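Based on the sequences and whatever the hints tell you, model everything.
2 protein chains.
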Amino acid sequence: MIKEISDKNIQEFSNKVIDAIQCTIGFGEKNLHEPTFCGNEWTYVKDCIDSSFVALGKYTGEFERKVSSFTKSKHAIAIVNGTSALHLSLVLAGVRAGDEVIMPTLTFVSTANAISYIGAKPHFVDSEICSLGIDADKLRSYLKKISVIQNGNCINKITGNKIKAIVPMHVFGHPSNLTELLNISEMFNLVMVEDSAEALGSFFDERHVGTFGKLGVLSFNGNKTITTGGGGIILTDDDNLAEAAFHLSKTAKIKHDYEFIHDQIGFNYRMPNLNAALGCAQMEQLPTILHAKRLLYKKYQKEFNKIENVALLKEPLGCKSNYWLQTIVLDEVYSKYRDQIIKNLHHAGVMVRPIWTPINLLAPYKKCPASDLSVSENIFPRIINVPSNAILT
Amino acid sequence: MIKEISDKNIQEFSNKVIDAIQCTIGFGEKNLHEPTFCGNEWTYVKDCIDSSFVALGKYTGEFERKVSSFTKSKHAIAIVNGTSALHLSLVLAGVRAGDEVIMPTLTFVSTANAISYIGAKPHFVDSEICSLGIDADKLRSYLKKISVIQNGNCINKITGNKIKAIVPMHVFGHPSNLTELLNISEMFNLVMVEDSAEALGSFFDERHVGTFGKLGVLSFNGNKTITTGGGGIILTDDDNLAEAAFHLSKTAKIKHDYEFIHDQIGFNYRMPNLNAALGCAQMEQLPTILHAKRLLYKKYQKEFNKIENVALLKEPLGCKSNYWLQTIVLDEVYSKYRDQIIKNLHHAGVMVRPIWTPINLLAPYKKCPASDLSVSENIFPRIINVPSNAILT
Chain A
1 MIKEISDKNI
11 QEFSNKVIDA
21 IQCTIGFGEK
31 NLHEPTFCGN
41 EWTYVKDCID
51 SSFVALGKYT
61 GEFERKVSSF
71 TKSKHAIAIV
81 NGTSALHLSL
91 VLAGVRAGDE
101 VIMPTLTFVS
111 TANAISYIGA
121 KPHFVDSEIC
131 SLGIDADKLR
141 SYLKKISVIQ
151 NGNCINKITG
161 NKIKAIVPMH
171 VFGHPSNLTE
181 LLNISEMFNL
191 VMVEDSAEAL
201 GSFFDERHVG
211 TFGKLGVLSF
221 NGNKTITTGG
231 GGIILTDDDN
241 LAEAAFHLSK
251 TAKIKHDYEF
261 IHDQIGFNYR
271 MPNLNAALGC
281 AQMEQLPTIL
291 HAKRLLYKKY
301 QKEFNKIENV
311 ALLKEPLGCK
321 SNYWLQTIVL
331 DEVYSKYRDQ
341 IIKNLHHAGV
351 MVRPIWTPIN
361 LLAPYKKCPA
371 SDLSVSENIF
381 PRIINVPSNA
391 ILT
Chain B
1 MIKEISDKNI
11 QEFSNKVIDA
21 IQCTIGFGEK
31 NLHEPTFCGN
41 EWTYVKDCID
51 SSFVALGKYT
61 GEFERKVSSF
71 TKSKHAIAIV
81 NGTSALHLSL
91 VLAGVRAGDE
101 VIMPTLTFVS
111 TANAISYIGA
121 KPHFVDSEIC
131 SLGIDADKLR
141 SYLKKISVIQ
151 NGNCINKITG
161 NKIKAIVPMH
171 VFGHPSNLTE
181 LLNISEMFNL
191 VMVEDSAEAL
201 GSFFDERHVG
211 TFGKLGVLSF
221 NGNKTITTGG
231 GGIILTDDDN
241 LAEAAFHLSK
251 TAKIKHDYEF
261 IHDQIGFNYR
271 MPNLNAALGC
281 AQMEQLPTIL
291 HAKRLLYKKY
301 QKEFNKIENV
311 ALLKEPLGCK
321 SNYWLQTIVL
331 DEVYSKYRDQ
341 IIKNLHHAGV
351 MVRPIWTPIN
361 LLAPYKKCPA
371 SDLSVSENIF
381 PRIINVPSNA
391 ILT
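Listed in order, the protein sequences are those of chains A and B.
First residue of the first sequence? That's 1 in the working numbering, and the numbers climb one at a time after it.
First residue of the second sequence? That's 1 in the working numbering, and the numbers climb one at a time after it.
Keep in mind that the hints were calculated from the coordinates and are not lab data.
Keep in mind that the hints are not guaranteed to be accurate.
Heads up, the list lumps identical chains together, so a pair's fine if it works in one copy or across two of them.
[What the hints assert, rightly or not] Restricting the straight-line Cα-Cα distance to at most 30 angstroms, the calculated cross-link-like pairs of lysine-lysine (DSSO-like) are:
{"#": "1", "residue 1": "LYS72", "residue 2": "LYS250"}
{"#": "2", "residue 1": "LYS250", "residue 2": "LYS214"}
{"#": "3", "residue 1": "LYS343", "residue 2": "LYS250"}
{"#": "4", "residue 1": "LYS66", "residue 2": "LYS46"}
{"#": "5", "residue 1": "LYS298", "residue 2": "LYS66"}
{"#": "6", "residue 1": "LYS343", "residue 2": "LYS298"}
{"#": "7", "residue 1": "LYS144", "residue 2": "LYS367"}
{"#": "8", "residue 1": "LYS253", "residue 2": "LYS367"}
Keep in mind it's a predicted model, so treat the numbers as computed, not measured.
Structural data, given as structure tokens:
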């Protein structure tokens, strides 16, 4: 039984959090996250417009090479946004209508939406507190209980559907437990597609996330570590999948001097050159931005160490997080006062937000299969993101 | 029986076409279509980057207002590209998996793809030579024969499926016969969604195309009359559909100060601010560009009038075409020599392309229902687009 806390106590606690944030980032209204443009953004975008090649052009390929080089993924295919990149990756992973796909309930809704576009069903599993990603141990036990391998396919004994893939999501840039999740994907014959939308610049065991699964996805939306306005990328080491991703993202048109032959149902998913031009400049700034975000974490840590009942989320052991969004975790005593605390912070001009509502609680996904989700339920009212801009000084 | 024509004759004919094109647009390599940037393109894009709001921001709404004002559509919802705009429009039109959607076989493949994304089936119908759009008379007779109205739904008696919608496509900017197609859509209870991807600036009976159907779609891809790099827009006069389009294009997130509640399976389809900034500048140039494209048509007309066995495609009676792509129609005697003629033109540095392969002939769509398509089959090897840049002098 969690004891009641007075309004006065909550205001005092909120004030301490506000102080910690303002001591770190200064006074005045701050957004949760803004892009940092301090390199060749103008130069490349103007060059792109001057060339008139704003749709197809040299920057899209150049952007892919830069991301490929940074992540050490053999291939990188630039896509119009992260959701579309995930949708196409799932198509390439062989997910089909009626299949189930394992994913954490604690993620942004696009993970589930991308699965739904195929007519497949998300199957929600629980998370662990240290990474906020899928709890591997719990997932292993769960799959042992509910699934059976038949003809090489993992079958959900309860629904009768094939469980085709697993989509770990690296929450706020913190890597999930990839070694264990890879083991599980092999044990149960699931294709792993990493939703690394938030995790450009995050490493697990010195290897960039998004490169452990058969396919991985990054996002360059306006709120991400670097941005292309809207944009995403597919990472893969598999030559055939890379070729297929490229082909399908460009309406599956066969290369020909003049004829229009499309051999599959393709997509209009290629990242425009205009957006990629911005991305090329942003990739050049990435190391500086990541450094600044790590410094910000250290500054916040110093301040939040002084406050009881709240902890700043730290990168998991053996991992390097991009610290995309700085995250505080409230002690359980404050769980049910999250909204009040958020309102107090907003009132003081400090822009914060809670973690997403677990997807299994959203109307369109209430009836999807799910494991026990008690940890997600416990932690979702305790997590608040605080202003996380890279401060370049 | 069409008589054989000698290589020499084909080369001579090709030379006449080359002469006509070069007399009109000058010598030197010319692309089929390039963007025209001569206004505030860089000013607005720079302002957008300087504001740091490259994803969400003021330009997307401003772009919508400009398109709404120009087309006199009550609402315009800016979307990441034309294919996604059509996909979302079909969702909003109530098309569901298993339904059939009437569309011309002579169109770009995205029309069929957008239908397929829902799990619905394209149902191909024939076109008329004057507009290259759906032949309304032929469609009416066909629907009378194959369909029956049951409980207000149009049912295909052969497949048993519901025929839910009709998607006319305004080929190369030439308006289809909208009065008749509207009549048919009412008679057979089909929702009309106009694929006006190529037709910004085209009018039927002094009303902008894309505003006759329940929903209409424009594209701003790099090859279109004006461009946003990648981009599309949904037009509708229906307040509820407009609100739903906006909502669904932004992941169906309920407006809330901090909470993440999504009430439907939404999409990441909003046009980024960066692309819309370019679009705002382009919309300001649109009247000038349309004027230049009409002048180009007149210049071409003068030249092609001198050549036998070929005609320049003219806007249908009562319509105003944007003349997006200038189009020549070969007489039947040259049907089977199209490829040779195209190669001759390419060899002379004149970039031309044929009309698309009819979609019913593409592998992924071969098994879809279709009416008699004899006119499409007859005209597809006779149509060639010639360089169509707006020449601003």
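To see whether the hints hold, each was checked on the structure:
Taking identical chains as interchangeable, the C-alpha atoms of LYS72 and LYS250 lie at most 30 angstroms apart only when both belong to the same chain, with a minimum of 24 angstroms there against 32 angstroms between chains. Taking the shortest Cα distances, LYS250 and LYS214 sit within 30 angstroms of each other both inside one copy (21 angstroms) and across copies (29 angstroms). Taking the closest pair of Cα atoms, LYS343 and LYS250 come within 30 angstroms of each other only across two copies (24 angstroms); inside a single copy the shortest separation is 45 angstroms, beyond that limit. Taking the closest pair of Cα atoms, LYS66 and LYS46 come within 30 angstroms of each other both inside a single copy (19 angstroms) and across two copies (23 angstroms).
For the homomeric pair LYS298 and LYS66, the shortest alpha-carbon distance inside one copy (28 angstroms) is at most 30 angstroms, but the shortest distance between copies (47 angstroms) is not. For the homomeric pair LYS343 and LYS298, the shortest alpha-carbon distance inside one copy (26 angstroms) is at most 30 angstroms, but the shortest distance between copies (64 angstroms) is not. When the C-alpha separation of LYS144 and LYS367 is checked against a cutoff of 30 angstroms, the pair qualifies only within one copy, where the shortest distance is 22 angstroms, while the shortest distance between copies is 42 angstroms. Proximity of LYS253 to LYS367 under the C-alpha cut-off of 30 angstroms is restricted to the inter-copy arrangement: shortest distance 19 angstroms between copies versus 38 angstroms within a copy.
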